[in-house]
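**Student:** Each chain, written out:
Number of protein chains: 2
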Amino acid sequence: MKGYDKYAFEPFAVTVDLAVLTIRAGRLQVLLVERGQEPYAGRWALPGGFVLPDESAETAARRELAEETGLADVSGLHLEQLRTYSEPDRDPRMRVVSVAYTALLPDAPEPRGGGDAARARWLPYDGAGPLAFDHDRILADAHDRIGAKLEYTCLATAFCPPEFTLGELQLVYETVWGTELDRPNFRRKVLATSGFVEAVPGAARLTGGRGKPAALYRAGPATALHPPLLRPSREGRSS
Amino acid sequence: MKGYDKYAFEPFAVTVDLAVLTIRAGRLQVLLVERGQEPYAGRWALPGGFVLPDESAETAARRELAEETGLADVSGLHLEQLRTYSEPDRDPRMRVVSVAYTALLPDAPEPRGGGDAARARWLPYDGAGPLAFDHDRILADAHDRIGAKLEYTCLATAFCPPEFTLGELQLVYETVWGTELDRPNFRRKVLATSGFVEAVPGAARLTGGRGKPAALYRAGPATALHPPLLRPSREGRSS
DNA sequence: CTTTTTATAGTCCTACTGACCATTAAGAAG
DNA sequence: CTTCTTAATGGTCAGTAGGACTATAAAAAG
Chain A
1 MKGYDKYAFE PFAVTVDLAV LTIRAGRLQV LLVERGQEPY AGRWALPGGF
51 VLPDESAETA ARRELAEETG LADVSGLHLE QLRTYSEPDR DPRMRVVSVA
101 YTALLPDAPE PRGGGDAARA RWLPYDGAGP LAFDHDRILA DAHDRIGAKL
151 EYTCLATAFC PPEFTLGELQ LVYETVWGTE LDRPNFRRKV LATSGFVEAV
201 PGAARLTGGR GKPAALYRAG PATALHPPLL RPSREGRSS
Chain B
1 MKGYDKYAFE PFAVTVDLAV LTIRAGRLQV LLVERGQEPY AGRWALPGGF
51 VLPDESAETA ARRELAEETG LADVSGLHLE QLRTYSEPDR DPRMRVVSVA
101 YTALLPDAPE PRGGGDAARA RWLPYDGAGP LAFDHDRILA DAHDRIGAKL
151 EYTCLATAFC PPEFTLGELQ LVYETVWGTE LDRPNFRRKV LATSGFVEAV
201 PGAARLTGGR GKPAALYRAG PATALHPPLL RPSREGRSS
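Just so you know, the sequences run in chain order A and B.
full-length UniProt numbering applies: residue 1 is where the first sequence begins, and numbers increase by one.
full-length UniProt numbering applies: residue 1 is where the second sequence begins, and numbers increase by one.
I should point out that these hints are in silico values taken from the structure, not numbers from a laboratory.
Keep in mind that a hint or two might mislead.
When the alpha-carbon atoms are kept at most 27 Å apart in a straight line, the in silico BS3-like pairs for lysine-lysine are as follows [unchecked claim]:
1) B:Lys189 <-> A:Lys149
2) A:Lys149 <-> B:Lys149
3) B:Lys149 <-> B:Lys212
4) A:Lys149 <-> A:Lys212
5) A:Lys189 <-> B:Lys212
6) A:Lys189 <-> B:Lys149
7) B:Lys212 <-> B:Lys189
8) A:Lys189 <-> A:Lys212
Fair warning: this is a prediction, and the values are worked out from it, not measured in the lab.
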């Protein structure tokens, strides 16, 4: 940051890449676009695009998110900067520095190719195959980040519609972590954390479920979980 | 990432900014350089510089770290990407996208102006005053990140020399968090976390301390803390 | 030798959590 | 209508982690 004039600097292209995650059919799914040209023609890639001259990366990410998902209103969606990927050879054509973002969606409308994406669709996170560029790495980083943030933040509600049952919330944890959780314990923990969820007064979800109808909850005002909701047995416990 | 040729894109300058933190005299301190020219002439700023054409941002950050600190070997230091700042008006001269990194140092040699930094020195984190550009924000983000990572990673050892006492390790937590911790409890917790620290067989620190000499420890192979070491009373506890 | 200082060891009690079991309320099957 | 199944909800119980606190050990300072 000192003495620009004394430096020669290369101009870089700056892009954003989006790891858009949702839960469909009990599986973690990713929004991907099919590349129509070289390099990596025919391969799936994360949606993204250039940051325009008067945009911040955040603004560009939200614009791309709207274009790729076709959603009218993306202002309420969770969008979070992941990290920046800047290896000199990550794009064979030119020097591209990419700021990656992760977005979480509750429901999952099939994307209409709103932007200029050749073909966009949801694919399961497992078996999304080798992606173009370094997008496998970006996607894995996004998964790691989300899995970790579920432990100590209220992020899980970002995967849920405005009103949801505790079973749906638990499914978020189980799907992202790939583990099963004890339902009564999960329930006790979530309800004991003030501000995580709020009961919707007289509502219950009656939509075709077979068992007892579940009570509905809304996301509460809290953002952090204290104490955290740790995933079971990541490595050897202490003591 | 699709159809570069169909897009016009603006070239951006890409820089790295470094929030280099250490603990000196029981206080959290930051490495800052004094700006010699407009804008923000005379103000303190985070060290940093342009990413060169054949470098990744990580490589550039490590190069700048070596230049600014004057340390011969920075390969062992903890260097971690923080996030990227890309507001269009963050530098009044031109469009600059900056990838911010946080580095942690154990001891703190006074920086010799190795690079072209007009004047570089350690300043206390509190009272580092308003910095140039958006560097106050970057520095605050770095502090938040480090404070959070102390809870669930073994990062604290990055602030310590190769061999350290548990008292020194506790001082890291207390300094970054700005809280006091109970010494026996901290000790019990750290020693119960396998892989956090390893005892150095027959060593004790005798350097002028007044009380009982403390045993020495090394950083262990673990990187994560399970269960985490939560800082006291951030907000209202649950239940 | 006594005091001070710091490290280390141990105790007690509460809260959180994992592993269970029981009950309730719906639909499905007979 | 009764019974079975399914899922939500309510509860128990023991093990454990962690906060508060006391006690002992080993050095320097007086």
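**Student:** Give a verdict on every hint.
**Tutor:** Evaluation of the provided hints:
no.	hint	result
1	B:Lys189 <-> A:Lys149	23 Å, holds
2	A:Lys149 <-> B:Lys149	12 Å, holds
3	B:Lys149 <-> B:Lys212	31 Å, violated
4	A:Lys149 <-> A:Lys212	31 Å, violated
5	A:Lys189 <-> B:Lys212	43 Å, violated
6	A:Lys189 <-> B:Lys149	23 Å, holds
7	B:Lys212 <-> B:Lys189	21 Å, holds
8	A:Lys189 <-> A:Lys212	21 Å, holds
Consistency note: the structure conflicts with the earlier hints numbered 3, 4, 5.
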